[in-house]
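Chemist: Letter by letter, the chains look like this.
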Amino acid sequence: MLEVTGLTKRFRSRTGVVEAVRGVSFSVAAGEVLAFLGPNGAGKTTTIKMTAGLIRPDQGTVTIHGLDLCHRQSAAVQHIGAVLEGSRNLYWRLTVMENLLYWGAMRRIPYRQARLRAMDLLEQVGLTDRAKNTVQTLSRGMQQKVALCQALMHRPSVLLLDEPTLGLDFESSEGIKNMVRHLATDGTAILLTTHQLDVAEELSDRVAIIRGGQLILEDHTKAVLQQYSRSAYAIVTETPLPSSVLASMSDLPGQVNVISSQRLQYVPRDGDTETLYDLLGLLKPYPLLQVERHQADLAEVFQQVVNSEGEV
Amino acid sequence: MIGMLMAEWRRTVVETVRYPLETISSMATLFIVFAGLFYGATYITNSPIGGGRLTTVVVGYAVWMTMMAATGDLGWSIQNEAQNGTLEQVMMFPWPPVVIFLVRAFTAIVAFVLPMVAVLLGLLAMTHIHLQWHWAAVVPFAWALGTAWGLGLIVASIALLFKRIGQVLNIVQFAMLFLILAPIADFSAWGWRILSTIAPFTAQVTLLRDVLSQGKASLWLWMESGINFSLMILLGILLFIWATRVARSRGILGHY
Ligand SMILES: Nc1ncnc2c1ncn2[C@@H]1O[C@H](COP(=O)(O)OP(=O)(O)OP(=O)(O)O)[C@@H](O)[C@H]1O
Ligand SMILES: [Mg+2]
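Sequence order for the protein chains is D and Y. Under our numbering, the first residue of the first sequence is numbered 1, with each subsequent residue one higher. Under our numbering, the first residue of the second sequence is numbered 1001, with each subsequent residue one higher.
Honestly, the hints are just simulated from the structure, not real lab data. These numbers were taken from a predicted model, which means no experiment stands behind them. Worth double-checking, as some hints may not be accurate.
Claimed, not checked - What follows is a set of in silico ranges between Cβ atoms, one per label pair, in the way DEER data are often shown: (1) Y/1040 <-> D/132: 42 to 48 Å; (2) Y/1171 <-> D/182: 49 to 55 Å; (3) D/166 <-> Y/1170: 35 to 41 Å; (4) Y/1022 <-> D/219: 53 to 59 Å.
As the list claims (entries may be wrong) - So the derived list for chain D, only partly shown, Cβ under 7 Å to chain Y, looks like this: (5) 55; (6) 78; (7) 84; (8) 98; (9) 105; (10) 106.
We put the CB at the ideal spot given by N, CA and C, even for glycine.
Using the sequences and the accompanying hints, generate a full structural model.
Modeler: Put into structure tokens, the structure is as follows:
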């Protein structure tokens, strides 16, 4: 649905040339959510804006719904909806409904159809009773929801979200997240950036991590998490273990770290699935509270990937 | 196109009407200014109320106000929208930006001129004063407006690229005060003749004045104003298209 190949962008500023994006390629299929992650200044917003046609790339192409953005911009943008970073995306003096009708009309939606669409969207985000309020009287969370509705008026097949849950409370974030899930189920291709890695982990089918303008990882979220989950186990007992038991464990193959008298960390050798049971045997009869295999989250993956030097 | 025009018109009306205090106060200002012109002109020139002299003053002032608004509006709206974050959304519409902004300029000026005409007509009715009026004057007025939009697009291009237009607009509007209100075309020196041919507004305003006072004007003046207006608007459009292109490639359509 969205295909980006070899995007490159250099900015000339007073302090010199910034290579904001260097040869970034990815694609987002219909119904898929791609989380686009990276530290500040990595080039996420620049990439998103190039995808939306707001920044012209030095090199590379963006194809939306089979339309080349560079050559068929006015046709291609009809398939894009975008909620951009931090900006309000709405006219503050207009009411919620007036805003939605305006944005709808500008995207060639007939008035009556736009009205129905707007009411439908407002119901989905739970803002039906705010339709007649001016946008400036709404809370940050509500504004963000209206901005999302605005971007969806023309039923875009590609949705670009730049930090959609930034500065929102739990309740509002949940609302936005639900909407994103819902849209993906309906077949929208969604590209979203965020610094909230738990949000990315919950929503995304795939992740891409960008650093210094280059993609350094791009894969299915599940696969990434699995790959970065080390085979380490945390073992917690209910009562303290005597030092004789702790000492006897040092002979086992692999590595046992005693974190406290009730808490152990065990890292088996590669492919060794047996020794864990020997270890548990040694702990008999002390009551176990917890045996858990380490599970990586995106935050951990992100830190490892971004901090690994030399890979770029 | 019609749908878009309607949408822009609704937005303009709503934004004006939503804060009635602003509208009322600006109409009150207009009322005071026009009333001042009516009586002031009468006392100063010591001529009977109405007639050619008053028409020149009142129309000159109204035209100057309108042209100021038409020139400044595009640039201000771009500067504000860049700051508010709506500009980038507008740039994603399936219309060329220059079309959108010209439509906006049109709706804005209609919203500006309607209250002004209402105040003026009200005053005329109250004072039983007659201004000289010929419908042919609509053409030079429209041409002057087109010239103002051309100039406005140039200012808007500056707004797109530099995001600050306060200073530029001050200079431009100061120059307009001179170009519109000073009877440059009547100066006989060659320098003035050339200036009035190439500078914006002088030709159209002179034409407007002649049409209002005599109901006709010289063919030469018609041609001069028509060509001057066409070049101005063309220059504005080309510059604006170029500026959006540059802003796109520098990544400064939004607020950077
Ligand atoms: N219009 C511009 N002119 C000059 N440099 C720019 C411009 N836009 C972005 N940059 C630079 O390009 C780099 C990438 O910026 P970008 O905004 O894409 O980062 P980001 O990943 O979105 O960061 P953040 O997480 O802070 O939003 C930065 O070094 C930034 O300073
Ligand atoms: Mg960003």
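Chemist: Does each hint fit the structure? Answer for all of them.
Modeler: Outcome of the hint check:
For the pair residue 1040 of chain Y and residue 132 of chain D, the beta carbons lie near 46 Å from each other, so the given range of 42 to 48 Å is met. Residue 1171 of chain Y and residue 182 of chain D have their C-beta atoms about 53 Å apart, which keeps the hinted 49 to 55 Å range intact. The beta-carbon spacing between residue 166 of chain D and residue 1170 of chain Y, approximately 37 Å, falls within the hinted interval of 35 to 41 Å. Checked against the hint of 53 to 59 Å, the pair residue 1022 of chain Y and residue 219 of chain D passes, with Cβ atoms roughly 55 Å apart.
Taking 7 Å as the C-beta cut-off, the interface hint given for residue 55 of chain D holds, the closest approach to chain Y being about 4 Å. At a threshold of 7 Å, the smallest CB-CB gap from residue 78 of chain D to chain Y is about 5 Å, leaving the interface hint in force. Interface hint at residue 84 of chain D: satisfied, since its Cβ lies 6 Å from the closest Cβ of chain Y, which is below the 7 Å cut-off. Annotation: residue 98 of chain D was flagged as interfacial toward chain Y, and the flag holds, the nearest CB pair being 6 Å apart, inside 7 Å.
Look at residue 105 of chain D: its Cβ gets to within about 3 Å of chain Y, closer than 7 Å, so that hint holds up. Using the Cβ-Cβ criterion of 7 Å, the hint placing residue 106 of chain D at the interface with chain Y is satisfied: the shortest such distance is roughly 5 Å.
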